[in-house]
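Let's have the full structure, built from the sequences with the hints guiding it.
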Amino acid sequence: MALERIFRRKKPQLAEGTDFPELWSKCPQCGTQTYKKDLLAALMVCPTCGYHNRIGVEQRLEFLLDAGSFEQTSGAVYPLDPLEFVDTESYRGRLERAQLKTGRPDAILAGRGRILERPLMLVLMDFSFNGGSMGSVVGEEISRAARIALERRLPLLIVCASGGARMQESALSLMQMAKTTVALQKLAEAGLPYFSLLTDPTTGGVTASFATIADVILAEPKALIGFAGPRVIQQTLRQTLPEGFQRSEFLLEHGMIDIVSPRAEQRDVLARLISHFTSPSPGTPRKGALE
Amino acid sequence: MSDPLRDLENTIVALERTMRDTGADLMHEIGVLKTKFDSMRHSKTASPEASSAPHPLSRWERVQLARVQGRPTGLDYVERAFENFVELAGDRTFGNDQALIGGPATLKGQSVMLLVQQKGRDTKGNIRRNFGMSHPEGYRKAARLMGLAEKFGLPLIALIDTPGAYPGLAAEERGQAWAIAESIARMASLKVPTLSVIIGEGGSGGALALGIGNKVLMLENAWYSVISPESCAAILWRDSKEAARAAEALKLSAQDLLALGIVDEIIPEPVGGAHKDMEATVQSFSEVVTRQLENLCTLTPTQVLESRRERFLGLGSFELRD
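For the protein sequence lines, the chains are H and Y, in the order given. For the first sequence, this note's numbering assigns the number 1347 to the initial residue and increments by one for each residue that follows. For the second sequence, this note's numbering assigns the number 1476 to the initial residue and increments by one for each residue that follows.
No wet-lab data here; the hints were simulated from the structure. All C-beta atoms in this analysis are idealised placements derived from N, C-alpha and C, irrespective of residue type, glycine included. Wrong hints could be hidden among the right ones.
SDA-like cross-link-like pairs, simulated, lysine to any residue; straight-line CA separation at most 20 Å [said to hold, decoys possible]:
1. Y:Lys1716 - H:Arg1577
2. Y:Lys1716 - H:Thr1434
3. H:Lys1532 - Y:Lys1666
4. Y:Lys1666 - Y:Pro1776
5. H:Lys1532 - Y:Leu1788
6. H:Lys1532 - Y:Ser1782
One-sided and incomplete, this derived list gives chain Y residues near chain H with beta-carbon spacing under 8 Å [unchecked claim]:
7. Leu1735
8. Pro1743
9. Leu1795
Written out as structure tokens, the structure is:
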């Protein structure tokens, strides 16, 4: 008992509600308190248990790209409310709130950048904007990014984080699954590589379209990835789901993805993949090269 | 006269007994049936029969019509509008999905490849067909048959009628999302003409998997949406009983989708719905499908591919700002 008390007393400055709580962050998985600066240096991955905290688009850019290499190309495309959709709140209201919160027109950011000196086209989905849902703007920006990659002969990386297609644009959202697929096929025909990096969570229509037709699919550890959400499945089956179901490691085991890639290794593995897929051996006929 | 509601109830009881006695895991079948039972009981009280009244149908009423027992299923069209259908089975990887079937057939003397989302015509059939909800092997079979269509130069006709892809454990394990994405990608890349016809329910990605038509046609009382009204209501209103409101908000009717450019032509149904007169429905289906297909067959393979691509690249609603 006494020993336990001493043990407890050692921790209090790390516990919540103490002197500088804003300097510390508690891991949602293992509960360990980490000094925020250390957590940031570890790319927001818990040093104790390896839990990958969800990160925003700006931080993702910073972690992935060579410093100062990003040149934004997205941002001119703004959402409309074609169906005049109202549920408990109007779609317009939801959009305005999300735009104010994120400073972006919609749930996506795209631009050119470099990873370890290799140029690429990069698309990031913003989960904090309406759950990263895919409506017309997301579909159009992905198509534009694919077009830029094609014109400049750049590899494309899409970092996915999305609850799926956006309900408030109904069938128009559904059509973005087809639209993005077509845009990416043009890239494929030109022999340009397309990589997707699936992050927590990637579900629904995004998973059933552009996210999973990549040449190489990477996923962050323990990201939730699937078509139907776990709650829907649970309701259908009326039974609890097995541990680790629909997580990256589960999908790797089932042959659905190529690599479970911890955040600290992503730059390196992407750089190597880009190099491999953009350096065919001399004399080898290459798709798109003859046109 | 048989009462479908009573039949369904009996089946549920029988399944529960089987599960108790044998220990077989029938939980999800029973779950599906119970949901179906609830919705049937509901639709019985809010009968779509009122459709013969002069007022225009609400979107929710059309959803009820799209689901009504006795509505022509995919095979009803296959048997009446086509000839020489040869069903081809299997995805060559795992199994043979019964909710999505296909194979070559002839339409007015022209060989075509058919892909058909098939619901059961009765309770037993519905269990076999999983209520038209495919597992990944269904979409992989579709992609395989698309390959055959391309190889042998057969136009592809897809009949869409699904509440959605099956949201189950095994389906996820075998890559439901991957299979749908593959089917979409394959269909988008075909150089043979493709025609998609939504004959009943067009539920989300599971429907879009066969929805990449050069032309997309839709029966008058079919619905097509990113999500079912019930699921939408459960998420946005936190109450699936708000499905009628969700149906209105989702703008999922054939008229709505025609206005949005997502659908190219509406196939008219007899007054009261397709189930009121199957022969008339099939005739109007044949007339439109034959005419649309004839037009598509005048295109070169490149035109077929490029015009389909342009069609889907052009779908979306947004504005450009500086």
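Right, here's what the structure says about each hint:
1. Y:Lys1716 - H:Arg1577: holds (18 Å)
2. Y:Lys1716 - H:Thr1434: holds (14 Å)
3. H:Lys1532 - Y:Lys1666: Between Lys1532 of chain H and Lys1666 of chain Y the Cα gap is close to 14 Å, so the pair holds against 20 Å.
4. Y:Lys1666 - Y:Pro1776: Within the cut-off at roughly 5 Å; holds.
5. H:Lys1532 - Y:Leu1788: holds (11 Å)
6. H:Lys1532 - Y:Ser1782: Holds, at about 14 Å.
7. Leu1735: Since chain H brings a Cβ to about 6 Å from Leu1735 of chain Y, closer than 8 Å, the hint holds.
8. Pro1743: Cβ of Pro1743 of chain Y sits 20 Å from chain H, so the hint is violated.
9. Leu1795: Hint holds; Leu1795 of chain Y Cβ to chain H Cβ min 5 Å, cut 8 Å.
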